[in-house]
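There are 2 protein chains.
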Amino acid sequence: MPAIANPSLLILLHHHHHLRSRRFATALLPQTLLSLLSSSIRAPALRAHSTSSSAQTQPLSTDNARTGRSGSISSPPVQPDIAQKIDINPPKGTRDFPPEDMRLRNWLFNNFKELYCFEDRGNRRVALRPELTPSLARLVIQKGKSVPLPLKWFAVGQCWRYERMTRGRRREHYQWNMDIIGVPDVTAEAELISSIVTFFKRIGITASDVGFKVSSRKVLQEVLRGYSVPDHLFGRVCVIIDKMEKIPIDDIKKELRSAELSEEVIEELLQVLSVKSLEKLEEKLGTVGEALVDLKQLFSLAEKYGYADWIQFDASVVRGIAYYTGIVFEGFDREGKLRAICGGGRYDHLLSTFGGDDIPACGFGFGDAVIVELLKEKGLLPELSPQVENIVCSLDQDLRGAAAAVASILRQKGQSVDLVLENKPLKWVFKRAARINAQRLILVGSAEWQKGMVGVKILTSGEQYEVKVDELE
Amino acid sequence: MPAIANPSLLILLHHHHHLRSRRFATALLPQTLLSLLSSSIRAPALRAHSTSSSAQTQPLSTDNARTGRSGSISSPPVQPDIAQKIDINPPKGTRDFPPEDMRLRNWLFNNFKELYCFEDRGNRRVALRPELTPSLARLVIQKGKSVPLPLKWFAVGQCWRYERMTRGRRREHYQWNMDIIGVPDVTAEAELISSIVTFFKRIGITASDVGFKVSSRKVLQEVLRGYSVPDHLFGRVCVIIDKMEKIPIDDIKKELRSAELSEEVIEELLQVLSVKSLEKLEEKLGTVGEALVDLKQLFSLAEKYGYADWIQFDASVVRGIAYYTGIVFEGFDREGKLRAICGGGRYDHLLSTFGGDDIPACGFGFGDAVIVELLKEKGLLPELSPQVENIVCSLDQDLRGAAAAVASILRQKGQSVDLVLENKPLKWVFKRAARINAQRLILVGSAEWQKGMVGVKILTSGEQYEVKVDELE
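As you go down the protein sequences, you meet chains A and B in turn. Letter 376 of the first sequence, counting from 1, is numbered 375 in numbering that gives the first Met the number 0, and no numbers are missing. Letter 101 of the second sequence, counting from 1, is numbered 100 in numbering that gives the first Met the number 0, and no numbers are missing.
These aren't lab readings, by the way, just hints derived from the structure by calculation. We put the CB at the ideal spot given by N, CA and C, even for glycine. Any given hint could be a false lead.
[Claimed, not checked] Below, in silico cross-link-like pairs of lysine to aspartate or glutamate (DMTMM-like), each with a Cα-Cα straight-line distance of 20 Å or less:
#1 A/Lys303 x B/Asp395
#2 B/Lys275 x B/Asp313
#3 B/Lys377 x B/Glu388
#4 A/Lys212 x A/Glu244
#5 A/Lys212 x A/Asp313
#6 A/Lys295 x B/Asp395
#7 B/Lys275 x B/Glu254
#8 A/Lys112 x B/Glu118
#9 B/Lys303 x A/Asp397
#10 A/Lys450 x A/Glu372
#11 A/Lys303 x B/Glu447
#12 B/Lys212 x B/Asp241
#13 A/Lys423 x B/Asp184
#14 B/Lys303 x A/Glu447
#15 A/Lys303 x B/Glu470
#16 B/Lys112 x A/Glu447
#17 B/Lys336 x B/Glu244
#18 A/Lys336 x A/Glu447
#19 A/Lys412 x B/Glu302
#20 B/Lys144 x A/Glu421
#21 A/Lys295 x B/Asp397
#22 A/Lys295 x B/Glu421
#23 A/Lys245 x A/Glu113
[As the list claims (entries may be wrong)] Just some of the chain A residues that point at chain B, by a computed CB distance under 7 Å:
#24 Arg120
#25 Tyr161
#26 Thr165
#27 Ala187
#28 Thr197
#29 Tyr304
#30 Leu420
#31 Glu421
#32 Leu425
Make a model of the complete structure from these sequences and hints.
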């Protein structure tokens, strides 16, 4: 049943074999150049500070005009007050930084150290994209209401980070990205993790090789709110806590203190982060918060999907990206030799930071480097040999054109052909046929060709016969 | 038959549907960052000039130690004299520019105006690759003698040019690249053009829509040699002549004069360039030169392949890339509305400019922008609708886990599934099923589920039945 074609997807589609049978559309995100919002970089720091600290007094807006969904989208982000924005414009060429912009700025600045960024000839500050989600967010906003929700899209795209190279970490890698846009329930996160588990199973990885650590940022949020820590500090605290396994705990504490957290909050945070079971978490947080409700539902769904043995609760997982708002998860190798294999989470407020309406969303990124290390480690790298149906060769320089004609005929019938383009001895041809795993050798010799025939040798059985060119199948 | 796996190709493979059935291996060229050979940029101009002009007195070296092939590889490039290179090193941190390096430098400088180039944090001058061939050349040199020749590789990669945007010309595009490395004969060019013709036919483009203009750079080379113009001017002259249809003829003449060509040579060149048939070319050049031998063989092979009506000789085609040495071709739309659709040629000396041994090679680049314009123009853009085998939905919020289990079972059997993740009315589910072209709807209802069954509705026929979950196929 033909529908309207989407020309921009036509030639750009990358088929990823393992993903084919899932109900996810491919969205290729061709723009690798990420605009760095240069105006925000030049804005006066003082204004930014005063605005972002005053934001905590603004009312929380949880209603979402576009989708009509409100209940399950929780804060922290504060919606900009539209009327105020129109009345009180910042001086020309400068910008205010409401919390959602400030979070984006923080995210950008945190990434600057690792970004491939430069100025183009039009004096725009651009960078090679470090990940795909912001590009996806922009695409969704651009498509607007013409795409019915939910969207379930995946893309495999190249990403760049300028950083120290370590095992499974290069400056350039491919990332498989999968996102569900428009579903507020954790059924979406459960579906995403299910996709990754299906992928793992297909490539031979089991639950004894890898697992997923799962938590929710709402855990931290509930702790911070319990101590009346302002919401705008939330993203910053998450980014600090994500460094827990990379830098000494005293440095973490120092950074948390500089984020204006009291000793009491810091101690409570660190205690909560050490929790490794939902039962203990319930003791800590009580039963009413969204964090626990979401997590319990996710673990219950995991059982139904059949991947309960792959996932475990671990409050220390927060992920390093500022825009996550709910469930976060990361795939890890159980031997603990490698970096995180993949990671994802819910980002219900990313779209508004790009100027769109908020739509509930979640997704994950899965790089190609660490998984290949793991497959090597486990001896699971497949042996992929070249395969070709025919190798076609003329026995005589004058018959090269005839061999080309035979190749053409076979290709028109959908057969793959390696046409020998040079004068080579038969010994060489047999050697090449073996190397490319050719199934049969078609020999174009003078006597046969005059009868409109060619010689065929089935290379697996050694069987040999002559056949009319028209009858070659 | 398993052979040694090539891990670096494992996850990175991009399958391009139209190319699948050909005997071409996919080589993905992941490095989009092109090193700009920063040392050469900083080298003193005077040394460069004196070296490149003295190069014309060096003997031509046509022997190729690696491949043992010599006869059919013609000049112009001059092999660096190894002994001399070891004795007379340029001052530390500076470099000489033998002709092959100079050509590369010219090519780079010509591209600077259009390159996305910048300095990275390690102070390396890098650029986003404008095309794939130099990356391929580097890969071939790196693989060295471990890959048996000939190589027949293709890649689909992203390329960037910072330039004025016009129809079918963007700053970022995907390019299908196909190369044959190790075949000195024009059988290789014939095979490349055959691949493009096969592709055109598959997407519905005919010989009345597009054609190929074919020539050989050896035509110009023979004219220049006839007038004793030094070989090192050859690449520069080609680049000037490529601008013929873009800038006024008087400017072309001015540029040719500044390349030290006499009026007589310029007039002769312009005359030869206007030749549109092999017969006329033979009158001009005589029968002995390689240009004519190559071209005649190519046209003869085209007849055997069955694409003679797609190609025509046109001496004005030289292509804008400095490194071509022999046959050059470009695909064009016969209505003359669009830019070149694709282009390619022989580049027997590119590898030595990267420090490798020369290996005969040819290839083409085919961007995704112009062909899509042409397909639109001809009404040939296919309508590609989403397709999914099953849409699975629970009739009751409590049965969401059950629906997830059903989705899991179907996916394990290789079926594609769109799982409804929210509570939606059946009307919504049917609408979505129609939009994604789902073949059947699986409904998970309470009464059936208690019997271990689900409801199935075949959406094309309207047929409805219940089936045991285990028996779902």
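Problem set entry | Supplied contact hint for A/Tyr161, tested at 7 Å Cβ to chain B | 5 Å, holds
Exercise. Within 20 Å, alpha carbon to alpha carbon, are A/Lys295 and B/Asp395?
Worked result: 19 Å, holds
Exercise. Under the criterion that the straight-line Cα-Cα distance not exceed 20 Å, is the pair A/Lys303, B/Glu470 satisfied?
Worked result: 18 Å, holds
For this session: For the pair supplied as a hint, A/Lys450 and A/Glu372, confirm whether the alpha-carbon distance does not exceed 20 Å.
Result: 56 Å, violated
Exercise. Can the restraint linking B/Lys112 and A/Glu447 be considered satisfied, given a maximum Cα separation of 20 Å?
Worked result: With a Cα-Cα distance of about 57 Å, the restraint between B/Lys112 and A/Glu447 is violated, given a limit of 20 Å.
Problem set entry | Hinted pair B/Lys303 and A/Glu447, Cα distance within 20 Å | 17 Å, holds
For this session: Given the hint that A/Lys212 pairs with A/Asp313, test it: the Cα-Cα distance must not exceed 20 Å.
Result: 6 Å, holds
For this session: Given the hint that A/Lys303 pairs with B/Glu447, test it: the Cα-Cα distance must not exceed 20 Å.
Result: Holds: A/Lys303 and B/Glu447 sit about 17 Å apart, inside 20 Å.
Exercise. Straight-line Cα separation of B/Lys377 and B/Glu388 no greater than 20 Å?
Worked result: 32 Å, violated
Exercise. Should the hint that A/Thr165 touches chain B count as held when the rule is a Cβ pair under 7 Å?
Worked result: Since chain B brings no Cβ nearer than about 16 Å to A/Thr165, farther than 7 Å, the hint is violated.
Exercise. Given the hinted pair B/Lys275 and B/Glu254, is their alpha-carbon gap at most 20 Å?
Worked result: Violated: B/Lys275 and B/Glu254 sit about 24 Å apart, past 20 Å.
For this session: With a cut-off of 7 Å on the beta carbons, see whether A/Thr197 makes it to chain B.
Result: Holds. Min distance 6 Å.
The structure does not agree with the numbered hints 3, 7, 10, 16, 18, 26, 32 stated previously, though it agrees with the rest.
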